[in-house]
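2 protein chains.
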Amino acid sequence: MRIAVDAMGGDFAPKSVVEGVKRASKEFKDIEFQLYGDKNQIEELISESNNVKIFHTTELIDMNDEPVKAIRRKKDSSLVRAAQAVKDGEADALFSCGNTGALLASGLLIVGRIKGVARPGLLSTLPVLSDNGGAFNLLDSGANADNKADQLYQYALLGKYYAQSVRGIENPRIGLLNNGTEPHKGSKLTLEAHQLIAADESINFVGNVESKDLLNGVCDVVVADGFTGNAVLKAIEGTAKTAMGLLKSTVKNSGIRGILGGLLLKPSLKKMASKMSAAQYGGAVLLGTKSPVVKAHGASDSETIYYTIKQIHEMLETDMIGKFTKSIQSESKSNKE
Amino acid sequence: MRIAVDAMGGDFAPKSVVEGVKRASKEFKDIEFQLYGDKNQIEELISESNNVKIFHTTELIDMNDEPVKAIRRKKDSSLVRAAQAVKDGEADALFSCGNTGALLASGLLIVGRIKGVARPGLLSTLPVLSDNGGAFNLLDSGANADNKADQLYQYALLGKYYAQSVRGIENPRIGLLNNGTEPHKGSKLTLEAHQLIAADESINFVGNVESKDLLNGVCDVVVADGFTGNAVLKAIEGTAKTAMGLLKSTVKNSGIRGILGGLLLKPSLKKMASKMSAAQYGGAVLLGTKSPVVKAHGASDSETIYYTIKQIHEMLETDMIGKFTKSIQSESKSNKE
Numbered sequence: 001m002r003i004a005v006d007a008m009g010g011d012f013a014p015k016s017v018v019e020g021v022k023r024a025s026k027e028f029k030d031i032e033f034q035l036y037g038d039k040n041q042i043e044e045l046i047s048e049s050n051n052v053k054i055f056h057t058t059e060l061i062d063m064n065d066e067p068v069k070a071i072r073r074k075k076d077s078s079l080v081r082a083a084q085a086v087k088d089g090e091a092d093a094l095f096s097c098g099n100t101g102a103l104l105a106s107g108l109l110i111v112g113r114i115k116g117v118a119r120p121g122l123l124s125t126l127p128v129l130s131d132n133g134g135a136f137n138l139l140d141s142g143a144n145a146d147n148k149a150d151q152l153y154q155y156a157l158l159g160k161y162y163a164q165s166v167r168g169i170e171n172p173r174i175g176l177l178n179n180g181t182e183p184h185k186g187s188k189l190t191l192e193a194h195q196l197i198a199a200d201e202s203i204n205f206v207g208n209v210e211s212k213d214l215l216n217g218v219c220d221v222v223v224a225d226g227f228t229g230n231a232v233l234k235a236i237e238g239t240a241k242t243a244m245g246l247l248k249s250t251v252k253n254s255g256i257r258g259i260l261g262g263l264l265l266k267p268s269l270k271k272m273a274s275k276m277s278a279a280q281y282g283g284a285v286l287l288g289t290k291s292p293v294v295k296a297h298g299a300s301d302s303e304t305i306y307y308t309i310k311q312i313h314e315m316l317e318t319d320m321i322g323k324f325t326k327s328i329q330s331e332s333k334s335n336k337e
Numbered sequence: 001m002r003i004a005v006d007a008m009g010g011d012f013a014p015k016s017v018v019e020g021v022k023r024a025s026k027e028f029k030d031i032e033f034q035l036y037g038d039k040n041q042i043e044e045l046i047s048e049s050n051n052v053k054i055f056h057t058t059e060l061i062d063m064n065d066e067p068v069k070a071i072r073r074k075k076d077s078s079l080v081r082a083a084q085a086v087k088d089g090e091a092d093a094l095f096s097c098g099n100t101g102a103l104l105a106s107g108l109l110i111v112g113r114i115k116g117v118a119r120p121g122l123l124s125t126l127p128v129l130s131d132n133g134g135a136f137n138l139l140d141s142g143a144n145a146d147n148k149a150d151q152l153y154q155y156a157l158l159g160k161y162y163a164q165s166v167r168g169i170e171n172p173r174i175g176l177l178n179n180g181t182e183p184h185k186g187s188k189l190t191l192e193a194h195q196l197i198a199a200d201e202s203i204n205f206v207g208n209v210e211s212k213d214l215l216n217g218v219c220d221v222v223v224a225d226g227f228t229g230n231a232v233l234k235a236i237e238g239t240a241k242t243a244m245g246l247l248k249s250t251v252k253n254s255g256i257r258g259i260l261g262g263l264l265l266k267p268s269l270k271k272m273a274s275k276m277s278a279a280q281y282g283g284a285v286l287l288g289t290k291s292p293v294v295k296a297h298g299a300s301d302s303e304t305i306y307y308t309i310k311q312i313h314e315m316l317e318t319d320m321i322g323k324f325t326k327s328i329q330s331e332s333k334s335n336k337e
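Protein chains in written order, with the numbering used here: chain A, 1 to 337; chain B, 1 to 337.
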């Protein structure tokens, strides 16, 4: 399998990207890494080898670029060249830590959608914080601003294949994000999506779920329209961050008592903070494109990069996209019969 | 001013409701409290007086009742009788800690909507957790599952009058909940609502806001459709609760070091927990009805009840609803001219 890596995307590129690739290249001998970017800078960090190839590019898409315009104009940017390699069949997956909008646009406009998938969705992975631990996937977490019910049904299928392939969950519990758990609750959109998902017996549908229960592990995959999914993702992240900040300032402002207490608790609080961070769950995945398009956070360190490559490895090894494609094609075939 | 109180609604009714009323009745001599419920039970807790009246009712709407059915059938329930008093002009506001759906239905179907307001919205108050403290209002936080852009514009106006009247903010900063801060971002709904709100110069519109920034006090009033507002409210509440639970179990499981540290920090952590709870901000208010319809949490203690009555007092004293009504009527008049 071959992964096209945008080596120039992200706050610490190319350093952290290349370091993560270096670590992963020692473990995953079956991956060919194609690094797109400034050859001089990259060669200072890694040498070409059997499974590491470097492709020189001359342009950069940064955080301020307008996504669609950028990918149309900067044809020799590290991102567009990497995406083009996937389109041309020279690579099997696209990976970047750069401009999210530009990566999504590359996925939709260069890599291309699977036939029958109108609106690919972005899948994010978040930690479950109750005692059992684990994680859940949320999609669409923000690729779209407006979705239709049949698109939500496709997210349920995509989420199922993802959780099976990457997380090894045999029969993942799929929930529909809603404003109440009762089946009669919901917006026009979720009421219609509920029926479509419930009608598919291949899906282990646990029904409607509420955003307050996600961190307790109420299901393995949460299906949402991209607008609500994005709002819930950011609300969870923002609240967790604010709570940790409040905890820090509480400890700081509690006088000698608090400082001493804080020192005693420091190792445990660090463990708690790492439990709340999602680094080990890899990146966000655009699902519904012909090949995996994966985004890690702009501030990713080499460890997150490594985990994200592991995640891509699972998707490719299990042929997740092939399985999904077959399932929606057989469905549309049976609809015609 | 006269407040019709559903004395039988809530987990600890009538005890906590009546105790809260008792405390408030000592401070707010200008309020007449009308308590609807089982006269025997209520009289054990409070006596009728100049500003406390008791109205005997024989039925109860509980948490398992289907809202609309319940208010249609249980005509002699404490909630329906209290709502009817408001409708008949015998009381100026409706207050309950009971079944939220039934209270909303009472507001819409018995108290009635202001002419020109198609979809009243539920306003919630949440704490700002950054160093400056304070609070923000979110509406609609769940009265509706589907909203239109002109309804979001009305929420901006309703939120403005509420923040002015109850929170004493002269020129409240109004934000539109969206999937990005740039003005060109959004769903069809938020793009249209953005234009409507931005066009009204009487509104101090700070533009789009993201859910991750709400707890940092990015604005005073957050406008959202009821589906997304509800999802964000529950995500914030759920995450805060889970983070506090994780903190507790972290302290517990850190051995002697952690237990000692936890003991030293206990007073500060308690302060932090109270900062994160919203008791002092009163109840959720259905805005857009002819009189205030206010809901406090089912588990409210007498302190929350007291603060909620204070909140209703501010709304009535400042004639918030009259001001809003005048503003939308003059607007529809100027549209006709």
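Certain hints may be false.
It does not matter which identical chain is meant; a pair holds if it fits inside one copy or across any two.
As a list, the in silico BS3-like pairs of lysine-lysine whose alpha-carbon atoms are at most 25 Å apart [stated by the list, open to error]: (1) 275 with 212; (2) 248 with 275; (3) 270 with 290; (4) 87 with 53; (5) 326 with 39; (6) 188 with 252; (7) 241 with 275; (8) 271 with 310; (9) 252 with 69; (10) 185 with 323; (11) 212 with 252; (12) 29 with 266; (13) 248 with 185; (14) 75 with 39; (15) 271 with 26; (16) 115 with 266; (17) 252 with 270; (18) 252 with 271; (19) 22 with 310; (20) 15 with 252.
Treat the hints as calculated values from the structure; they're not laboratory data.
As the structure is a computational prediction, the values presented were derived from the model and not from experiment.
Here's how the hints hold up against the structure:
| no. | hint | result |
| --- | --- | --- |
| 1 | 275 with 212 | both (18 Å within a copy, 19 Å between copies) |
| 2 | 248 with 275 | both (16 Å within a copy, 14 Å between copies) |
| 3 | 270 with 290 | neither (40 Å within a copy, 52 Å between copies) |
| 4 | 87 with 53 | within (18 Å within a copy, 76 Å between copies) |
| 5 | 326 with 39 | neither (39 Å within a copy, 67 Å between copies) |
| 6 | 188 with 252 | neither (48 Å within a copy, 45 Å between copies) |
| 7 | 241 with 275 | both (12 Å within a copy, 16 Å between copies) |
| 8 | 271 with 310 | within (23 Å within a copy, 43 Å between copies) |
| 9 | 252 with 69 | neither (47 Å within a copy, 53 Å between copies) |
| 10 | 185 with 323 | neither (32 Å within a copy, 34 Å between copies) |
| 11 | 212 with 252 | between (29 Å within a copy, 24 Å between copies) |
| 12 | 29 with 266 | neither (39 Å within a copy, 51 Å between copies) |
| 13 | 248 with 185 | neither (40 Å within a copy, 34 Å between copies) |
| 14 | 75 with 39 | within (17 Å within a copy, 79 Å between copies) |
| 15 | 271 with 26 | neither (28 Å within a copy, 49 Å between copies) |
| 16 | 115 with 266 | neither (52 Å within a copy, 58 Å between copies) |
| 17 | 252 with 270 | both (15 Å within a copy, 15 Å between copies) |
| 18 | 252 with 271 | both (19 Å within a copy, 13 Å between copies) |
| 19 | 22 with 310 | within (13 Å within a copy, 63 Å between copies) |
| 20 | 15 with 252 | neither (34 Å within a copy, 40 Å between copies) |
This entry does not satisfy hints 3, 5, 6, 9, 10, 12, 13, 15, 16 and 20, going by the numbered hints stated previously.
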